[in-house]
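Student: Please model the complete structure; the sequences and the hints are all you need to start from.
Chains R and Z supply the protein sequences, listed in that same order. Just so we're aligned, residue 1 is where the first sequence starts under our numbering, counting upward by one. Just so we're aligned, residue 1001 is where the second sequence starts under our numbering, counting upward by one.
Check the hints yourself; a few may be wrong.
[Unchecked claim] Derived DEER-like restraints, expressed as beta-carbon distance ranges: (1) ASN60/R to ASP1030/Z: 37 to 43 Å; (2) ASP1099/Z to ASN60/R: 39 to 45 Å; (3) GLY1063/Z to TYR71/R: 35 to 41 Å; (4) SER32/R to ILE1031/Z: 31 to 37 Å; (5) ASN1101/Z to ASN81/R: 38 to 44 Å; (6) THR1077/Z to THR103/R: 42 to 48 Å; (7) THR28/R to ASP1099/Z: 33 to 39 Å; (8) GLU139/R to MET1130/Z: 30 to 36 Å.
[Unchecked claim] Taking beta-carbon pairs under 7 Å as the criterion, some of the chain Z residues facing chain R (in silico): (9) PHE1041; (10) TYR1045; (11) VAL1048; (12) PHE1052; (13) TRP1054; (14) VAL1136.
Calculated from the structure, these hints are not laboratory results. What you are looking at is a predicted structure, and each value in this text was computed from that prediction instead of being measured. Here a beta-carbon is modelled for each residue, glycine too, at the ideal position from N, C-alpha and C.
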Amino acid sequence: MKRRLLALGVIGLAALFALAGPADAQQTFQLSDLAGGWDVYVYGGYDAYTESFFGSMNLNEAGGLLSGMGYWRGTESFFINPSQLILNPGGDVAGTLRCEHSTWHLVYGRMNQRKTEITAMAEGLRFFVLVRIVKSTGEPSDDPDAAPPPPVDDSPEEDPPADDQPPNDDDDPSSGGGSGISGGTWSSAGGTR
Amino acid sequence: MKGRKILVGACLGLALALLVAPSPARAQYDIQDLVGGWDFFATGYYEVFTTFNWGHIVVAEDGGISGNGAHLGTACTYRGQLGIDATGRIAGQVDGIYDGNTFSYIVTSGQMNPSRDTAFGTGHDHRFWMCTYVWVKTN
Chain R
1 MKRRLLALGV IGLAALFALA GPADAQQTFQ LSDLAGGWDV YVYGGYDAYT
51 ESFFGSMNLN EAGGLLSGMG YWRGTESFFI NPSQLILNPG GDVAGTLRCE
101 HSTWHLVYGR MNQRKTEITA MAEGLRFFVL VRIVKSTGEP SDDPDAAPPP
151 PVDDSPEEDP PADDQPPNDD DDPSSGGGSG ISGGTWSSAG GTR
Chain Z
1001 MKGRKILVGA CLGLALALLV APSPARAQYD IQDLVGGWDF FATGYYEVFT
1051 TFNWGHIVVA EDGGISGNGA HLGTACTYRG QLGIDATGRI AGQVDGIYDG
1101 NTFSYIVTSG QMNPSRDTAF GTGHDHRFWM CTYVWVKTN
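Tutor: Structure, rendered in structure tokens:
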């Protein structure tokens, strides 16, 4: 009888651990953790110029862009390819995201342990920006209970700008003043004042 | 009789599990929630001035900071001190040395999330430029 009681105790213990889930376990990340719908937030400032973006995008199992759109400095802007995020087993995130008005090269990024958020510093149109990418469902990609990402209209209604110049640049006194980024190497001018 | 013993066994198992299993929703934070590796991100903006920093910090048991990163795109080493109260509020400063110069990011108001894997903060740097901070747990 004691053996039965012991067995029942062990079963109870196992059931509770199973319900509670792994606690503080070291995560291993895989590329497919990038799959699904993400909300994207970008902010940075340089001189009298600020860059901001918010929107949403869908990524495939390889971290490639499927679709997405948002607002770059208040102007509607669709995500465009080639856009690709890379995630290594340690959780480091790199890659490039492009919208119609800007390109963000992630230079240092990290996915959180729950696999629901990515934080990164990126080279923006003129300077470094802080990028936050948050899972739209709030749940990781491999969660079968997670709701599907919201549909994203990937058919632009308007033609993209004729060139790469920002449409709202008329009031930007820093135009022509240099971006501070040169050939992928940051120049200290303006950053250390 | 048999059913009663089964019930007693199940209750014993449950009680033992509650004793040893960490609660998924711990209300209280402590320094152990800060201890370990974090990726640190800082960005700040004041009028026409910009500051930014990223890198990996390690928080020791006493809240002391070490690690390496990049300040204004130049390699830096970290030092400083962070603390956390029972509600998850974070304060302190992340200091560092880069290219023979020093910098400080003062955290006046930070908050760790309930999952204990991300924290956000605001404050200012050593020139009083307002800054936003993010810490993401790496281990």
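Student: Restraint: PHE1041/Z near chain R, CB-CB cut 7 Å. Satisfied or not?
Tutor: holds, 6 Å
Student: Take the C-beta atom of THR28/R and the C-beta atom of ASP1099/Z, compute their distance, and say whether it sits inside 33 to 39 Å.
Tutor: Holds: the Cβ-Cβ distance is about 36 Å, inside 33 to 39 Å.
Student: Given a cut of 7 Å on the nearest C-beta pair, is the interface hint for TRP1054/Z held or broken against chain R?
Tutor: Holds, because the Cβ-Cβ distance from TRP1054/Z to chain R comes to roughly 4 Å (cut-off 7 Å).
Student: Starting from the hint 31 to 37 Å, judge whether the C-beta atoms of SER32/R and ILE1031/Z obey it.
Tutor: holds, 35 Å
Student: Given the hint of 35 to 41 Å, is the C-beta distance from GLY1063/Z to TYR71/R inside that range or not?
Tutor: holds, 40 Å
Student: Let's test the interface hint: is any C-beta of chain R closer than 7 Å to that of PHE1052/Z?
Tutor: Interface hint status for PHE1052/Z: holds (5 Å vs cutoff 7 Å).
Student: Given the hint of 37 to 43 Å, check if ASN60/R and ASP1030/Z actually sit that far apart at their C-beta atoms.
Tutor: holds, 41 Å
Student: State, for the Cβ atoms of THR1077/Z and THR103/R, whether the hinted interval 42 to 48 Å holds or is violated.
Tutor: violated, 31 Å
Student: Have a go at the TYR1045/Z hint: is there a Cβ in chain R nearer than 7 Å to its own Cβ?
Tutor: This hint holds: TYR1045/Z lies near chain R, its Cβ roughly 4 Å from the closest one there, short of 7 Å.
Student: Return the status of the interface hint for VAL1048/Z: holds when the least beta-carbon distance to chain R is below 7 Å, violated otherwise.
Tutor: holds, 5 Å
Student: Please check whether ASN1101/Z and ASN81/R have a Cβ separation lying inside 38 to 44 Å.
Tutor: This hint holds: roughly 41 Å between Cβ atoms.
Student: Go ahead and decide if the range 39 to 45 Å is satisfied by the Cβ distance of ASP1099/Z to ASN60/R.
Tutor: holds, 41 Å
Violated hint: 6 only; the structure is consistent with all others.
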